[in-house]
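Place chain B with the ligands on chain A using the hints.
Residue numbers (the UniProt record's numbering), protein chains in the order written: chain A, 1 to 828; chain B, 1 to 169.
Treat the hints loosely; a few may be bogus.
Said to hold, decoys possible - Derived list of chain A stretches under chain B, where covered just means 3 residues or more per stretch with a C-beta under 8 Å from a C-beta of chain B:
1) 170-177
2) 542-550
3) 752-761
4) 792-798
Claimed, not checked - Covered stretches of chain B, as calculated for chain A (at least 3 residues, CB under 8 Å):
5) 1-8
6) 63-73
7) 127-139
These are calculated hints, taken from the structure and not from any lab test. Heads up, the beta-carbon is just placed ideally off N, CA and C, and yes, glycines get one too.
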Amino acid sequence: MSTARALPHEAALLHVTGAARYVDDIPVPAGCLHLAFGLSPVAHGTIEALDLAAVRAAPGAVMVITPEMLPHENDVSPSAHDEPLLAEHMVHYVGQPLFAVLAESHGAARRAARLGRSEITERPALLDLDAAIAADARFEEGPRVYTKGDAAAALAGAPHRVSGVMEIGGQEHFYLEGQAALALPLDNGDMLIHSSSQHPTEIQHKVAEALGMPMHAVRVEVRRMGGGFGGKESQGNALAVACAVAARLSGRACKMRYDRDDDMIITGKRHDMRIGYDVGFDALGRIEGLSFVHHLRCGWAQDLSLPVADRAMLHADNAYHLEHVRIESHRMRTNTQSATAFRGFGGPQGMLGIERVMDEIAHALGRDPLDVRRANFYADAPVNRMPAPQAEPEASAAPPPPPPSSPPHGHAAERDLASRGAAGAPEVEPGDDREDGGRPEDSDGARREGAGTQTTPYHMPVTDFMLNRLCADLAERADYHGRRARIARWNADNPLLRRGIALTPVKFGISFTLTHLNQAGALVHVYQDGSVQLNHGGTEMGQGLFTKVAQIAAERFGIGMEAIRVTATDTAKVPNTSATAASSGTDLNGMAVLAACETLCGRIAALLAQLHGCPADDVRFAGGEVIAGNVRHSFAEAVQIAYQARVSLSATGFYSTPGIAWDRIAGKGRPFYYFAYGAAVSEVVIDTLTGENRILRCDIVHDAGASLNPALDIGQIEGGYVQGAGWLTTEELVWDDKGRLTTHAPSTYKIPACSDRPPIFNVTLWDEPNPAATIRRSKAVGEPPLMLGISVLMALSDAAASCGPHYPALDAPATPERIRAAVMRARG
Amino acid sequence: MDTTLKINGEERVLQADPRTSLLDALRHHLGLTGSKKGCDHGQCGACTVIVNGRRINSCLTLACMHDGDEITTVEGLGTPEALSPMQQAFVTHDGYQCGYCTPGQICSATAMLEEVAQGWPSHASADLSGGMELTDAEISERMSGNLCRCAAYPNIVDAIRDAAGKGER
Ligand code: FES
Ligand code: FES
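Isolated chain A (complex conformation) (with noise of 0.2 Å):
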């Protein structure tokens, strides 16, 4: 048994002896020219001249591309259309490439790029929300909302009312490994691209524009990255199709590695968000009606954008059943990077919304917060209630016709098809059973009594529900009542220093938003000495999803993992591949693999069980060998069986996932196969006159169905606590008042280190299998964890409120100067 198990990651010697190779570590043909990019020094205006002289003059340069030579389409925008690779007449925010130079190395280039000098004129620029909000400069023609009862009326008859606004900073991938690109000119005028790229399909597409051929021209490996965290599912764009572009007019093997302090400036970032909320409430801390309106800071390209949006909205009502909710999203334009996806997709900062509302409450009514989000909670599912009310995949009996596709609107070759970017159209054909605002159908019916009354505010009823049961849980193990017990006691004793707990819940909703994206490709290849070598659409960033597949089908082989080798994300073998995010990977990629196994095995049981004449259902893989009746042969002497009888020993999988549709103008649907829980009690100290602050410990319990490795899950688990705590801490981005970032370097920007972490970090998998059908019944780990990281905002601002009667409304990052503001609001 191979999965289920805390096996060690798959390239784990090549990691510690230096062995495995990023992108910038590739041997490169002699003559490989290295590009950088000229930069706009200017946040909007237009461009009047770019004097480049000096720039060809330099030592080292080879040649200046500027838009004009660009062979075919100038565009790097997974969605709109609006992302030039080179600005051309208009620059849109301080950072945005100009030009770019060939160089015979890296530093040549860089040094080349800073000689261009460009004339802009320059107009006004709208650098912040205000600033946007006041222009009304938008994406889409005006706020998406979605609405679900009657949150008016039911304000208007609450009991208590409060209101107010949160401002949530935006967050720096920070991936250790920098975007890098390397292209290599083939026969033909191929192109073979090797990307830091969680899309390879995305830049095949793009590198295919760029240079108008065919996909089939061009091909992208993947091999790892070093780290992603959405940074590279839309910004690795640029630099690929610049290295084609320059391979194309060099003839020559083209590579760029943005420098660390480039990178932080060309590409975006978490969007930063404004939510504003309305709140009404009876004596326990029921919502009875609520109201958020979302700001969204976009940047000046709309890139992933509008799914990000729509995400913030669905996490909106987080764990809490709202009966009268609506919520309105604004996604504003401005003068500055195009933000992008960010490990979680736009559900952290909507889930913060709702999470600020709880402890405002509580803080309102003198209760324990814990009892406000316990009294709002969805109402558990029944225990190991099976199969999933999704029902398996394939075999249902009614799935819901998946909605056909409407053939693209427009010229095919402008509707980027795999990118998340592409949700301009409805999923859902308008003019169905839904019009009537009722909630769609579940899949098969089968739903629990009394859970029919329960759906989120987009209409999805809520199935698989277990925060009542995980949070009581984890509230014993954390000892959350007598800590807290202890640290009032502790602050009643303490002036200068306070404590803070908190224990916040997560309910995130797992598939991609944009329903067609949802399937993901294998092609397993059996070879006669019997190694076997995996091929899926994903991409390792260091979440383990090499493992994880490694295993399913060392399992389904009944072979060792020795045996089995995944090579590097190829388009070439696995094609039409959706980007690795939100949290798919294994969900999506293990399932296509296991479907590949499984029909090798077929054709291998078949075949034996005719020689030995057993039912084919009667023939066994286990321990390395394939056992037919009572015949046991080696797993390679199988295959060497088969090799002989002819059978193909090369399959391809496919795997989408069922029972899902989604109107995202409508705000009706069920977007989600299924949600993974979770739910963390962080405990903080601040010192109340200078901010500063620091975790003491963190407890977590974390829903990963029955894992599929632990010691992967408990990884990802910690390290994304980490990182959504360094979000809501330390990671502060600054702009100054001409729109550059001054925060561009780890020198002012500062992500958590080893010291930053909890000194007692207890992490437990909550072990349930997952009632809908996934691979093994697992859950996908690789986003819900960063949220459990609002627990330490929460401990922050309980640390601020025992300073004094006023609520402190700390919002995010919490410096340590918003923390001193909250404290003195606390006393005001």
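Relative to the frame of chain A, chain B with the ligands by itself:
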């Protein structure tokens, strides 16, 4: 100009512009890409190597300043067939996710244990005269120059404690 470096026990003559950092010399001129470049500013630790027994950020020093120096990179600590105890401990404890910080973490931790053995105090040491215990706080403080964005810190610290406990480096 020519610089002679003793890298992983082998004399290598480097011909490079005198402005070449030790990191670039290793990665580009000598083909040793195990040392990583995370920031090129001395702020992340991905490029940590051991020079004459001391850990340094190789992006912050010029190669030509190390004529005659003994340099150990992650490639010189061990091989897949013969891992160093620290490398083995990182495998045992899964001390990585994406792996990009790993070579720097391993070089840094290897030299750090030597510093502790020699009684060099850190900010977290209660006693400045040496003989400190390798507590979690000591490890965390001493390793705080090696960032891990995946935040594999709990496993990194476990690995280091394990390697230290075995009394070998
Ligand atoms: S690359 Fe040397 S410290 Fe970051
Ligand atoms: S393992 Fe990814 S940066 Fe440390």
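Checked hints:
{"no.": "1", "hint": "170-177", "in the structure": "holds (count 5)"}
{"no.": "2", "hint": "542-550", "in the structure": "holds (count 3)"}
{"no.": "3", "hint": "752-761", "in the structure": "holds (count 7)"}
{"no.": "4", "hint": "792-798", "in the structure": "violated (count 0)"}
{"no.": "5", "hint": "1-8", "in the structure": "violated (count 0)"}
{"no.": "6", "hint": "63-73", "in the structure": "violated (count 1)"}
{"no.": "7", "hint": "127-139", "in the structure": "holds (count 3)"}
The structure shown violates the earlier hints numbered 4, 5, 6.
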